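Q: One-letter residues, chain by chain:
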Amino acid sequence: MARVLGALAVAPVLGGAPGPGAASVAEAQPGVRPIPAVRGVAVDERLRDDLGVCLGDRVVLLGRPGDGRDSALADTVRIDAFVRRGADPSEVARAEYRVRLHLDQLQRLAAYDNRVDRFAVATRDSAATERVLGAVNEAAFGFRAHRSRDVAVRTSRTFQVVQRFHRAIGVITVVASAVFLLCILLLKVDERRRDVAALRLMGISRRTVVGALVLEASLVSLLGSALGLGVGWAVTQGINWYYQGVYRTPLLFALVTPGVALFAVTLSLALGVGAGFLAARRMARTAPLALFGR
Amino acid sequence: MTPQELADAVGVVDGAGRRGAPPLIRVAGVERDYRMGEETVHALRGVSFDVAAGEWLAVVGPSGCGKSTLLNLLGAVDRPSRGTVRIAGEDVGAMDDRAATSFRLRRVGFVFQRFYLMPMLTARENVELPMAEAGVGRAERQARARELLAYVGLAPRERHRPAQLSGGEQQRVAIARALANRPALLLADEPTGELDARTGAEIIDLLGRLHAEGTTILVVTHDETLAQAGGRRIHMRDGLVERDDK
Amino acid sequence: MRLALAAATLLRHRTRTLLAVLGVAVSAALLLDMVMLAGGMRESFRDLLLVRGYQLRLSPKGTLPFDSDATMERAAALLAAVRADPRIVAVSPILGGQLHVLGAAPDGGESGPAATAFAMGLDARVQGDYELVRGRHAVAGAELVASPAFLRATGAGVGDTLDVAAGFDPQLRQYAGRCRAVVVGEGRFFYTPGEQPVAALPLATLQAMRGEEGRDRLSLVMARVADGADVEQVRAELQRRVPRVSAISTATALAQVEQRLSYFRQLAFILGAISLAIGFLLVTTLVTVSVNERVGEIAVLRAIGVSRAHVVQQIVLEGSALSLAGAALGLALGLVTARYLNAILGDFPGLPAAFAFFVFRPIDAWRALGLLVLSGVLAGVYPSWRAASLPIATTLREEAVG
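Residue numbers (this note's numbering), protein chains in the order written: chain A, 1 to 294; chain B, 1001 to 1246; chain C, 2001 to 2402.
A hint or two may mislead.
As the list claims (entries may be wrong) - Derived CB-CB ranges, DEER-like:
#1 C/Gln2239 - A/Trp241: 32 to 38 Å
#2 C/Ala2332 - A/Trp241: 35 to 41 Å
#3 A/Asp50 - C/Leu2281: 39 to 45 Å
Just so you know, these hints were derived from the structure itself, not from any lab. All values reported here derive from a predicted model rather than from experimental measurement. All residues carry an ideal CB built from backbone N, CA and C; glycine is no exception.
Can you build the whole structure from these sequences, using the hints too?
A: As structure tokens, this is what we get:
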């Protein structure tokens, strides 16, 4: 698949005859299917929404902004399809429109002659990929071949930076939440000091008292985790709905994966139970009368 | 207002009172009801008596007879459901919160059974607390706090926290705190209730000294020794004054 | 006395107090970082755009400066149209392109490029793209000013001569133009990433080296408007006169970049709000529990004559002390984490070296932390008022103290 990437100007036309330059190249070549006068293109959904065009509408593509529709670098086309953007994070912030047209069409409009920017090659397997890579680079017709994987790594650097940033923010918020959780659980156990004093005075063992408090802390942590998961899931739905609308992309901005859920629940349980245990143990070791404040 | 100033204001010559002079405390038909869940408890059912300036009155009776309730009304900590409580001519029960607070701060010294000292403050700081609230400057209140602690025999312990003091020492600090703003009236709710006999005797001696200097004292107590130390005893039962041994 | 009481109360439960201060500190740090992020990008970018005072930029239609390889043709006519406006006092034309530094093969022949750099053809008299660090400007002919990254990549120094070429045709494997250029200076380039090799050459030199692709073409024109003139008006007028280009003012550029980076601004707002809420909740919870534990003490204070207002003041003082201590610690923590986060985001490909995401402005910091401290103050009001309003006698009876 060959691609030419260029900037075009789009001007709508209502009905009318196809513009000049739509002469079929293939007419001169026997055996080749004749190219229709008005050819179809596919435009992305953003362009559809912003221009208000429909399937079957005719527009004029201009290779040079400011040119008239009679220019040699102009072509009247018909909109045959709308294309949805892929969920590519590296394109999220780019507000450009996309038009897909026939290769020769774009080559002519962009005054590219018989050139392309890049080829994409599909091979049978990875061994074949390496052989093709080597052969193409050896031939060295002024270009280089790259594995798609390597290209993906290089072009996803922006996304990697964002990912690292999110991770750093995540660590900070986890630390803040952990401190908050520890404080709350400590307070919660402290609130029970008189109950603990009364139980100890009655002869209930330290072990039982600590066990009861830890059980309470665990239940609170468990309930809190469940509630937090629910809230987190609801918030991700809200985030995705909002940003998909703002950036007009199907990309998912936030996702609660099983791994994320497990991490969050494990951490909050560990912190909650840990804090509860430490506070309960300290309290159980204090003399009951001291707990009463005497 | 010092005890002497108050005595002059209400026309009392000596600690025994002058017949015909208006009393310092006048309790008239006081009733106090509490709601405890679905039931109404009648803690006081029509109590009336007078106390002259400079008197030492002990209120005795079995548990639940309304002694502490009566003390709370006198100290403007609570309000009567019916009747009036007048101290130095002022209707304490009709005071709003601000007036009652000011009254507690400047006119009355309160001593509690459980001392109620601030555990995180030193002995001296506990005594300073009411003076700080009354706007007394730091130097003056520190000096007075030291003077009061010396008066109650605790000068060397001024930097100790309540947890480092014995029960008797804590109660003496509480008495010093109650005297901080020179009140004319000292109210004590079971001041020896948490103390052993010997320590209790020390507190009784201290109260005796204060009374001799003109302070009007009203104690609520089960302690027979304390009840006998004052000149007058009121016996209460079931929210009423059963007997007034003047 | 109230201060002493507040301090004594907080020190009574050291672990709890320490945790609360830590919690507020982390919230404060995050809040500060988000405030810095929300305003920082805009401020940094604006400073970058105005570093040499050029308020207007003309770029190929529909693009931002150097957003693509597109160039503007009929450059001379374009410049004449721009200069015709009497309100424009300086015009800086720029052509961008790739510059290849050629190496020598072992057999004396020519090998492939030893280094490839981004080249800017400029008019040194009016250029606004770099600050000279060493040497002099490249004013004419085969001269260039290089970035530190360029010098590192080529191993050259100021005064060295390099074989350079531009306008490479991959099919013919030929350069449109080449010359032996002298490195006459070293510069700090404002708008390019720090690690990218950059060289500035005289405009005419680069245009000639790029052959047909460079002849009478420009990538960007920067214009400085006279003091007092309405920049937007000048921009609109230019756009009308030269519709084949995009005329962008600083405000427009800011708006477009903000739109692209709006995600960070919104993230900053959301996280900032959450930090504030967490800080508030933490102090509220701590004060509430502390007050509930001390209901008896509060009743005693009321019994000995401390007014309700003073009790509330006392407790509000405790909450404020927690918030203040946390905010102070959070300020230091926030500055450290901001540097760390800025370093992460600074790795964005193509980001100008001088651009910062997190910019510290004292007024923003005081506002943010002031808000946190205020929330700590308010956190104590309700629970303390409630406790101070409880009936004294009943509370004393129920809550034994001492």
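Q: Against this structure, judge whether each hint is valid.
A: Verification of the supplied hints:
no., hint, verdict
1, C/Gln2239 - A/Trp241: 32 to 38 Å, "36 Å, holds"
2, C/Ala2332 - A/Trp241: 35 to 41 Å, "38 Å, holds"
3, A/Asp50 - C/Leu2281: 39 to 45 Å, "43 Å, holds"
Checked against the numbered hints listed earlier, the structure breaks none of them; every hint is satisfied.
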